[in-house]
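Colleague: From first to last, the protein sequence lines are chains A, S, W, D, C and G. Residues in the first sequence are numbered consecutively from 1, following our numbering. Residues in the second sequence are numbered consecutively from 1, following our numbering. Residues in the third sequence are numbered consecutively from 1, following our numbering. Residues in the fourth sequence are numbered consecutively from 1, following our numbering. Residues in the fifth sequence are numbered consecutively from 1, following our numbering. Residues in the sixth sequence are numbered consecutively from 1, following our numbering.
Wrong hints could be hidden among the right ones.
It does not matter which identical chain is meant; a pair holds if it fits inside one copy or across any two.
Stated by the list, open to error - Calculated lysine-lysine pairs in the DSS-like style (CA-CA distance at most 25 Å, straight line): (1) 110 x 19; (2) 33 x 19; (3) 164 x 33; (4) 185 x 19; (5) 164 x 185; (6) 180 x 33; (7) 33 x 185.
Bear in mind the hints are in silico, worked out from the structure with no lab data behind them. It should be emphasised that the depicted structure is a prediction, and the values quoted were computed from it without experimental measurement.
There are 6 protein chains.
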Amino acid sequence: MCVCVLVVFVNGKFCKDPKLATAEDFFLSGLNKPGNTTNRLGVNETEANVEQIPGLNTLGVSAFRIDYAPNGQSPPHIHPRASEILLVLEGTLYAGFVTSDNLNNTLITKVLHEGDVFVFPIGLIHFHVNIGNTSAVAYSGLNSQFPGEITIADTIFGAHPRIKPDFLAKAFQLDPNVVKDLENKFGNGN
Amino acid sequence: MCVCVLVVFVNGKFCKDPKLATAEDFFLSGLNKPGNTTNRLGVNETEANVEQIPGLNTLGVSAFRIDYAPNGQSPPHIHPRASEILLVLEGTLYAGFVTSDNLNNTLITKVLHEGDVFVFPIGLIHFHVNIGNTSAVAYSGLNSQFPGEITIADTIFGAHPRIKPDFLAKAFQLDPNVVKDLENKFGNGN
Amino acid sequence: MCVCVLVVFVNGKFCKDPKLATAEDFFLSGLNKPGNTTNRLGVNETEANVEQIPGLNTLGVSAFRIDYAPNGQSPPHIHPRASEILLVLEGTLYAGFVTSDNLNNTLITKVLHEGDVFVFPIGLIHFHVNIGNTSAVAYSGLNSQFPGEITIADTIFGAHPRIKPDFLAKAFQLDPNVVKDLENKFGNGN
Amino acid sequence: MCVCVLVVFVNGKFCKDPKLATAEDFFLSGLNKPGNTTNRLGVNETEANVEQIPGLNTLGVSAFRIDYAPNGQSPPHIHPRASEILLVLEGTLYAGFVTSDNLNNTLITKVLHEGDVFVFPIGLIHFHVNIGNTSAVAYSGLNSQFPGEITIADTIFGAHPRIKPDFLAKAFQLDPNVVKDLENKFGNGN
Amino acid sequence: MCVCVLVVFVNGKFCKDPKLATAEDFFLSGLNKPGNTTNRLGVNETEANVEQIPGLNTLGVSAFRIDYAPNGQSPPHIHPRASEILLVLEGTLYAGFVTSDNLNNTLITKVLHEGDVFVFPIGLIHFHVNIGNTSAVAYSGLNSQFPGEITIADTIFGAHPRIKPDFLAKAFQLDPNVVKDLENKFGNGN
Amino acid sequence: MCVCVLVVFVNGKFCKDPKLATAEDFFLSGLNKPGNTTNRLGVNETEANVEQIPGLNTLGVSAFRIDYAPNGQSPPHIHPRASEILLVLEGTLYAGFVTSDNLNNTLITKVLHEGDVFVFPIGLIHFHVNIGNTSAVAYSGLNSQFPGEITIADTIFGAHPRIKPDFLAKAFQLDPNVVKDLENKFGNGN
């Protein structure tokens with residue numbers, strides 16, 4: 001509605017005639033259901049952005065739910081177009097972000113329990129790890145209808161096609177064969 | 001951090017020297033605790049914005065928790081500087097917003113259960129009512145570090161000093177004495 | 001021109017090929033003509049936004065003229081996407097806005113005479129009443145090409161379909177029958 | 001209020017504690033008084049921006065009144081930070097703007113009578129001339145609390161210190177002595 | 001990519017399906033080649049904006065190269081939608097901008113040598129002149145994907161159709177015949 | 001000037017009274033001097049942002065020069081607050097960026113020669129490697145006065161204090177001892 005009413009094509013979503021908009025355009029269900037965390041990282045993200053909720057188009061806000069198995073982690077990643085405010089719904093997380101080069105790459109961390117809120121500024125690398133004995137659940141709000149997500153390991157070592165191993169070897173001070181091995185793992189979606 | 005690092009006085013919050021920033025600046029606890037809903041409306045809001053979390057300054061995002069007693073309601077209100085994405089954590093809500101005058105003041109509503117998400121566009125009047133038999137809890141993300149809240153009834157009938165009853169009587173097609181009565185109720189914080 | 005030159009579909013208005021733009025795209029006539037104020041509120045608004053002036057698309061500015069019969073009023077309303085700067089061209093107005101909940105819903109008012117300017121911040125509820133013996137005229141500039149208008153009474157009590165009377169009765173501390181009566185009045189466009 | 005409430009130092013205006021804000025902070029009088037047009041150009045501008053109305057700080061809107069003697073003109077100028085929507089209150093203006101180099105510097109003009117509205121996109125050179133037999137008056141809204149004004153002739157030929165005449169002679173295909181003469185005229189405030 | 005990925009029609013450029021984007025969409029060659037400066041002003045600008053690089057759409061940045069013959073000049077001009085940061089690659093420039101009317105049209109200038117950087121704020125009139133004995137080259141970054149360029153002399157005296165000479169004569173304190181002469185020169189692209 | 005004129009404290013830089021601004025506030029020298037590339041990566045960046053040029057405050061643009069030894073590289077990094085447009089001044093670079101997770105982490109690369117321009121969208125991981133036999137030089141414009149830089153390897157493995165090795169081992173599918181080794185290398189500034 002509102003802004004969206006007048007927007008037809010902004011951000012690539014075709015906004016319907018606002019006179020035809022219904023509650024369904026502003027609605028999504030299912031964020032109470034635990035995501036499947038039986039994967040390598042023991043983590044699952046359920047998104048609620050403009051791809052699931054067309055009415056979010058031009059509104060500049062979105063959200064997602066994160067499930068963590070014990071020891072599961074949301075690995076180092078960035079949202080290129082949004083800051084994030086995270087609420088722990090269940091469990092105990094260890095969350096942190098790292099400041100930029102000119103601030104000495106300082107690690108800012110906090111152990112978060114149920115009901116704790118933590119903030120991740122736009123574009124900074126951050127992560128959260130389930131350090132409790134049970135599953136953990138968090139819910140985050142972000143100030144973009146399509147914040148994007150760039151998982152560092154997947155993006156660096158799992159790019160398609162792969163980044164030349166020699167380049168990454170130098171950048172990360174790794175043996176080129178280690179890089180190749182990482183690229184094999186991440187490039188195949190592992 | 002990040003943007004905030006360089007911001008000293010934006011939006012009235014004095015940003016500390018970023019080299020002195022700590023995790024506490026980005027942290028808030030207590031959103032797991034039910035707010036006290038023993039009030040006329042049976043509702044309570046716990047805020048997590050720049051007033052509670054100084055690190056939010058300039059980041060353009062915030063959140064709050066809402067508790068509803070049975071039949072409790074978050075009455076018609078607006079956020080003048082933010083859109084909102086709400087997640088139902090417990091209970092059953094009836095939520096809605098009304099479009100602007102040029103769209104015929106159309107009411108868009110939805111019954112929301114646990115895990116449902118609903119969106120309220122910036123500046124539109126919206127409300128949510130607990131229509132279940134138990135307490136309800138919701139958590140919202142907003143795209144402003146200080147979104148503001150304007151509860152319609154409190155603002156119209158509870159302004160300090162009061163708006164001239166004759167004006168409101170005409171605007172709302174109410175008897176001036178009814179308006180005076182409302183102003184007595186709302187102006188005293190009832 | 002300018003920004004608009006390159007904008008085809010932003011905000012839902014189809015911007016013509018800038019090479020084909022003419023003065024008509026940036027022009028509107030008729031704001032010297034008094035609007036018809038023979039209505040319940042004794043007020044009339046003549047708009048000059050992107051719906052009347054297609055060249056405003058993406059330029060972020062618009063305007064309107066307001067006519068007030070004696071005792072006429074622009075009732076409590078908000079513009080969800082713009083701040084407003086009003087100039088009194090004729091007559092005497094009593095204008096005001098109410099601050100948000102966290103500032104105690106403070107009423108800020110001023111009697112305005114010809115040549116006076118008053119400002120209404122984005123998203124705040126405001127109103128202006130003709131308190132003179134003659135017709136009054138004002139002209140306002142707003143910082144959005146489509147600022148929107150939400151008249152509180154029409155939106156709360158005249159929504160289509162109506163908001164459940166019990167909810168509004170609780171929110172506004174009114175008898176449900178009074179709410180029903182109001183909804184009958186406003187819902188029928190009275 | 002609103003946004004400004006929380007802004008202390010944005011845009012160089014020290015915003016007072018919002019709890020101390022009064023109606024005077026949002027008010028300006030005197031725009032009904034004709035400005036003095038007994039000057040070379042026969043024009044006068046009365047401003048209503050953040051310098052006169054401190055409450056405009058961060059609100060992104062402002063206005064001004066323009067008076068024109070017969071044959072008076074608002075000479076070619078730009079507002080570096082705002083688009084403008086102009087309403088003719090009295091008289092007959094010939095108004096125009098010129099598109100940018102890549103659109104062939106097309107002149108878009110319109111004769112404007114009382115009640116006509118015309119739009120000037122951000123950063124484009126525009127002008128308005130009183131082509132009627134009487135004084136003319138216009139009122140403009142702009143989408144910046146401090147839009148700025150750059151009168152081309154004063155800026156080019158009246159800069160302090162002067163721009164080297166040889167440079168301007170080449171740029172404007174004028175004899176250097178003509179440039180010097182212009183600089184003498186404009187540099188002294190004529 | 002990124003933002004653009006989701007943008008279909010913003011700013012009038014039809015963004016391709018991001019899954020089909022290639023490196024060519026983010027690439028331009030040829031800025032090492034001197035532009036042809038055998039023209040009246042002895043200057044040439046090679047652009048690198050969204051018209052040449054479609055992937056710039058929505059990214060808010062662009063660039064251009066400027067070549068200057070000895071004594072060549074980039075004449076007084078403005079970018080209506082961007083600030084500019086210029087780097088001198090070769091030669092010696094005299095660069096300046098003029099502040100707005102309310103700051104007394106102050107001329108701010110600097111002689112720039114190879115490796116010097118100078119900044120031109122959005123919407124201010126600026127110029128750069130090759131004051132060395134050799135060709136000069138500069139490269140500029142701007143914060144808009146389509147910053148626009150308004151050369152003052154071409155826009156004022158070379159508009160199509162021409163601005164009425166009497167108006168410009170008064171604005172610039174020139175004889176109308178001088179204005180006509182200028183308009184003949186600039187209107188024909190000289 | 002311009003916008004900055006009125007800005008006192010935005011983004012943490014104390015803007016001087018605009019009437020006292022001089023050309024030095026908008027100037028920086030030395031970008032013609034090759035940076036020292038005798039370091040592990042064979043790369044050097046010379047910045048021209050608001051920290052070096054105070055007049056950039058609020059103008060939303062900056063730049064830097066990059067020097068690359070043969071085989072030198074600007075390793076994978078992001079700018080959290082800006083898009084970048086790079087021009088190759090000398091040499092041959094291999095440049096690339098990787099799209100976000102929802103676009104399959106696609107690697108977009110290009111070999112760049114002198115005079116080639118390439119674009120890096122805000123927040124995406126990108127890199128450039130000198131693949132020629134000689135030194136290379138590039139110059140970039142960015143749409144922020146303080147874009148920030150987050151070198152991935154330094155931020156992940158060189159944070160202070162270090163990120164718990166077990167977490168990174170899991171995220172990057174590395175042996176914890178390899179992570180520890182990396183952290184020793186990067187944490188000491190190697």
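Colleague: Hints numbered earlier in the text: which of these fail when held up against the supplied structure?
Modeller: 2, 3, 6, 7
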